[in-house]
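Peer 1: Please construct the entire structure, taking both the sequences and the accompanying hints into account.
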Amino acid sequence: MSPAETPPEQQPHHDPDQRGPRPRRALWTFVVWAVVYALDQVTKVLAVAHLEPGVVRPFVGQVLQFHLIRNPGAAFSFATGATWIFTVLAAVVVVVVVRMARKLRSLPWALAFGFLLAGATGNLTDRLLRQPGFARGHVVDFLQLPHWPIFNVADASICVAAVFIAVLAVRGVGLDGSRQTREGSTPSEADRA
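Taking the numbering used here, I'd label the letters of the sequence shown as residues 1 to 193.
These are calculated hints, taken from the structure and not from any lab test.
All values reported here derive from a predicted model rather than from experimental measurement.
Beta carbons: idealized from backbone N, C-alpha and C, even for Gly.
Worth double-checking, as some hints may not be accurate.
[What the hints assert, rightly or not] Across the chosen pairs, the derived CB separations fall in these ranges: (1) Cys159 - Met100: 17 to 27 Å; (2) Ala38 - Val96: 17 to 27 Å; (3) Ser178 - Leu128: 36 to 46 Å; (4) Leu46 - Val94: 23 to 33 Å; (5) Ala49 - Phe134: 21 to 31 Å; (6) Arg136 - Val167: 30 to 40 Å.
Peer 2: If you want it as structure tokens, here you go:
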């Protein structure tokens with residue numbers, strides 16, 4: 001008997017609230033990571049090869065300028081005397097993000113994790129491989145905006161990730177893509193109550 005000939009009471013019932021699990025989004029995390037990490041590393045190589053340290057070179061008028069410095073601290077030259085601490089923290093962030101990315105089912109969270117991973121690994125690469133030595137390397141910063149500390153693509157990527165994460169947290173979007181209501185339940189749970 002074909003489905004068209006099956007009486008309605010015997011046809012399978014599909015509840016729209018009982019969808020299968022969302023597809024995993026980890027691939028998007030690693031795509032964003034690969035693109036942004038490559039951009040960060042290439043721009044740093046070009047900056048070191050073509051810019052003179054401490055010399056400001058206009059790029060987009062006074063809005064964006066090139067200004068090459070070596071930063072021993074965190075993003076935006078914070079805590080310059082604690083290079084090894086930031087190396088350890090960046091390594092921890094990388095491990096945590098990679099482990100959590102495998103569970104992601106939300107595309108916006110996957111993108112946020114991709115930007116965070118790219119920023120952390122971009123600057124971690126500098127700390128591990130650049131002078132003055134392993135785990136103490138100085139990060140290459142070369143982008144300058146008015147009234148803003150000198151930064152690089154990895155720093156910008158971390159800022160993008162922070163904005164993504166803040167917006168997702170405020171909107172109550174979970175790593176699995178579900179949304180929380182103000183009472184803490186998902187919309188589908190609230191509808192059933």
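Peer 1: Are the hints correct? Go through all of them and say.
Peer 2: For each hint, the structure was consulted:
1. Checked against the hint of 17 to 27 Å, the pair Cys159 and Met100 passes, with Cβ atoms roughly 20 Å apart.
2. Here the CB-CB span from Ala38 to Val96 is close to 22 Å, well matched to the stated 17 to 27 Å.
3. Taking the beta carbon of each, Ser178 and Leu128 are about 37 Å apart, inside 36 to 46 Å as hinted.
4. Evaluation of the 23 to 33 Å hint for Leu46 and Val94 yields a pass: the beta carbon distance comes to about 24 Å.
5. Between Ala49 and Phe134 the C-beta distance comes to about 23 Å, which sits within the given range of 21 to 31 Å.
6. Between Arg136 and Val167 the beta carbon distance is about 35 Å. The supplied range of 30 to 40 Å therefore holds.
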